[in-house]
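Visitor: Chains as they are written, first to last, in full-length UniProt numbering: chain A, 1 to 237; chain B, 1 to 193.
Just to be clear, a hint being listed does not mean it is correct.
What the hints assert, rightly or not - Among the chain B residues that face chain A by a calculated CB cut under 10 angstroms, a handful are: (1) S9; (2) I47; (3) E50; (4) W69; (5) T135; (6) R163.
Stated by the list, open to error - Calculated cross-link-like contacts (lysine-lysine; reagent style DSBU-like; alpha-carbon spacing at most 30 angstroms): (7) K142/A - K5/B; (8) K142/A - K33/A; (9) K5/B - K24/A; (10) K33/A - K5/B; (11) K103/B - K68/A; (12) K142/A - K68/A; (13) K103/B - K142/A; (14) K28/A - K103/B; (15) K24/A - K142/A.
Hints in this document: simulated from the structure, not taken from any laboratory. No residue lacks a Cβ here, since even glycine has one placed at the ideal position from N, Cα and C.
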Amino acid sequence: MADGNSITPRDWAAHPPLIHPDYKSTVKRGPTKPLVPIRHSLSELTGPVYGHESLAPLDNDLTKNGAKNGEALGERIVVTGRVLDELGRPQPNALIEIWQANAAGRYVHENDRHDAPLDPNFFGGGRAVTDAEGRYRFYTIKPGAYPWPNHANAWRPNHIHLSLFGPAFASRLVTQMYFPGDPLLALDPIFLGTPEGARNRLVSDFSLDVTEEGFALGYVFDIVLRGPRETPMEAGR
Amino acid sequence: MSQWKQTPSQTVGPYFAYGLTARQYNYPQTSIAEGAMAGEEVEGERIRVEGRVLDGDGAPIPDAMIEIWQADTRGRYAHPADPRGSNAGFTGFGRTGTGTDPKCRFVFDTIKPGAAAEGDAPHLNVIVFMRGLLTHVYTRIYFSDEADANAADPVLSAVPADRRNTLIADRDGNTYRLDIHMQGDNETVFFDV
Numbered sequence: 001m002a003d004g005n006s007i008t009p010r011d012w013a014a015h016p017p018l019i020h021p022d023y024k025s026t027v028k029r030g031p032t033k034p035l036v037p038i039r040h041s042l043s044e045l046t047g048p049v050y051g052h053e054s055l056a057p058l059d060n061d062l063t064k065n066g067a068k069n070g071e072a073l074g075e076r077i078v079v080t081g082r083v084l085d086e087l088g089r090p091q092p093n094a095l096i097e098i099w100q101a102n103a104a105g106r107y108v109h110e111n112d113r114h115d116a117p118l119d120p121n122f123f124g125g126g127r128a129v130t131d132a133e134g135r136y137r138f139y140t141i142k143p144g145a146y147p148w149p150n151h152a153n154a155w156r157p158n159h160i161h162l163s164l165f166g167p168a169f170a171s172r173l174v175t176q177m178y179f180p181g182d183p184l185l186a187l188d189p190i191f192l193g194t195p196e197g198a199r200n201r202l203v204s205d206f207s208l209d210v211t212e213e214g215f216a217l218g219y220v221f222d223i224v225l226r227g228p229r230e231t232p233m234e235a236g237r
Numbered sequence: 001m002s003q004w005k006q007t008p009s010q011t012v013g014p015y016f017a018y019g020l021t022a023r024q025y026n027y028p029q030t031s032i033a034e035g036a037m038a039g040e041e042v043e044g045e046r047i048r049v050e051g052r053v054l055d056g057d058g059a060p061i062p063d064a065m066i067e068i069w070q071a072d073t074r075g076r077y078a079h080p081a082d083p084r085g086s087n088a089g090f091t092g093f094g095r096t097g098t099g100t101d102p103k104c105r106f107v108f109d110t111i112k113p114g115a116a117a118e119g120d121a122p123h124l125n126v127i128v129f130m131r132g133l134l135t136h137v138y139t140r141i142y143f144s145d146e147a148d149a150n151a152a153d154p155v156l157s158a159v160p161a162d163r164r165n166t167l168i169a170d171r172d173g174n175t176y177r178l179d180i181h182m183q184g185d186n187e188t189v190f191f192d193v
């Protein structure tokens, strides 16, 4: 039976479990009872709609959007990629919000007490909306690693936080993008909380094609969201 | 077999505030959504929805982020999949952190939604994010003064009877209150959306 009103289920072979004891904060915060199944209705199949009108001109350029009196410090990078569904269809008009530490591994957040300098010319937050091919592009500074209190001598790998709205409330995703070759990945309980077969999806690829000569190194990070199921009608086209 | 597999979720972490809820936390960036959801032009009954998010020790969590997605007063979602259109100026989406209220409450000022379909009870769709939650969780908030509609609601009816109260906010004047319990005897029902 054709069913145009459903979305692919959450793939628990991809997503981390709700309690992962190596990441200590999960122990008292992750739900312990089984999730209750729900039949999708408009409540799950709709979601907030944001488009290009939601953006200001420098929103996708973190090297400039926090500048006060000079250039942001650190290694300039380009982060680009496509947002797709599980059938490989581009997701246009998807809002991506990002936030990250500066090059020294310090967040502007007032609770961040790491003894590393703030950069007066770097804020660390930005937004982009995907184009008709599902493509987004950010200019930013490569974030630094930083220590955290999970266990002795614990350091987070370099990462950028991303928040995405797909076509529906059910396709909502908050994730983190990592960098290739980072030795801290093998030690990070947040990264390692992800099922092994899915971890490499969180690691961006270095790309010389995306790298801008004389300006910034390029990284590619494609993101796959839950999407509408393929209906028999569409499959026949 | 698809070659495109879901990108894994990761925690929102402790430092989301300046990126996702900047205005609420007084960081110099705009926000795409806030706890104040309904401007004067929006039709509907003004309500406040508030509560705390409690950990396994019963302690209020000061760094959770709550998002709600709701229908307008006539039960319509502001999204192309809902052909009925919706209230002008009402996006139906709100987002707030628990870090600016002295009691660690989330607070939404919105309108009471209508029922989105016949047989459904009015409700808010809720996502909970926080440090220590590697994958976000979904829940719903129903309203205590909708007892008849709640009794008929297919989603609420599928929840074990002794846990339904974890989804129903108590009305006091124009304020509805409901705490979200991440764990414990009164653990909130989270859905496999």
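Visitor: Should the interface hint for I47/B be scored as holding, given a Cβ-Cβ cut-off of 10 angstroms against chain A?
Guide: This hint is violated: I47/B lies away from chain A, its Cβ roughly 18 angstroms from the closest one there, beyond 10 angstroms.
Visitor: Checking one constraint from the list: CA of K28/A to CA of K103/B, max 30 angstroms. Satisfied?
Guide: 19 angstroms, holds
Visitor: Can we keep the W69/B interface hint, with Cβ of chain A closer than 10 angstroms?
Guide: At about 5 angstroms, which falls below the 10 angstroms cut-off, the nearest Cβ of chain A leaves the hint on W69/B intact, so it holds.
Visitor: So if I understand the rule, the pair passes when the alpha-carbon distance is 30 angstroms or less; does K24/A with K142/A pass?
Guide: Distance ~27 angstroms between K24/A and K142/A Cα, so the pair holds.
Visitor: Could you grab the alpha-carbon distance between K142/A and K33/A and see if it respects the 30 angstroms cut-off?
Guide: 39 angstroms, violated
Visitor: With 10 angstroms as the cut and Cβ atoms as the points, is T135/B at the interface with chain A?
Guide: 5 angstroms, holds
Visitor: Compare the distance between the alpha carbons of K103/B and K68/A with 30 angstroms, and conclude whether the hinted pair is satisfied.
Guide: 35 angstroms, violated
Visitor: Holds or violated: K5/B with K24/A, Cα cutoff 30 angstroms?
Guide: Since the Cα atoms of K5/B and K24/A sit roughly 28 angstroms apart, the hinted pair holds (cutoff 30 angstroms).
Visitor: Given R163/B as an interface hint, is the shortest Cβ-Cβ distance to chain A below 10 angstroms?
Guide: 8 angstroms, holds
Visitor: With the threshold set at 30 angstroms, check whether the alpha-carbon distance from K103/B to K142/A stays at or below it.
Guide: Cα-Cα ~36 angstroms, so violated.
Visitor: Could you check if S9/B really has its C-beta closer than 10 angstroms to a C-beta on chain A?
Guide: 5 angstroms, holds
Visitor: Within 30 angstroms, alpha carbon to alpha carbon, are K142/A and K5/B?
Guide: Measuring from Cα to Cα gives roughly 26 angstroms; hence the hint holds.
The structure fails hints 2, 3, 8, 11 and 13 (numbered hints given earlier, in ascending order).
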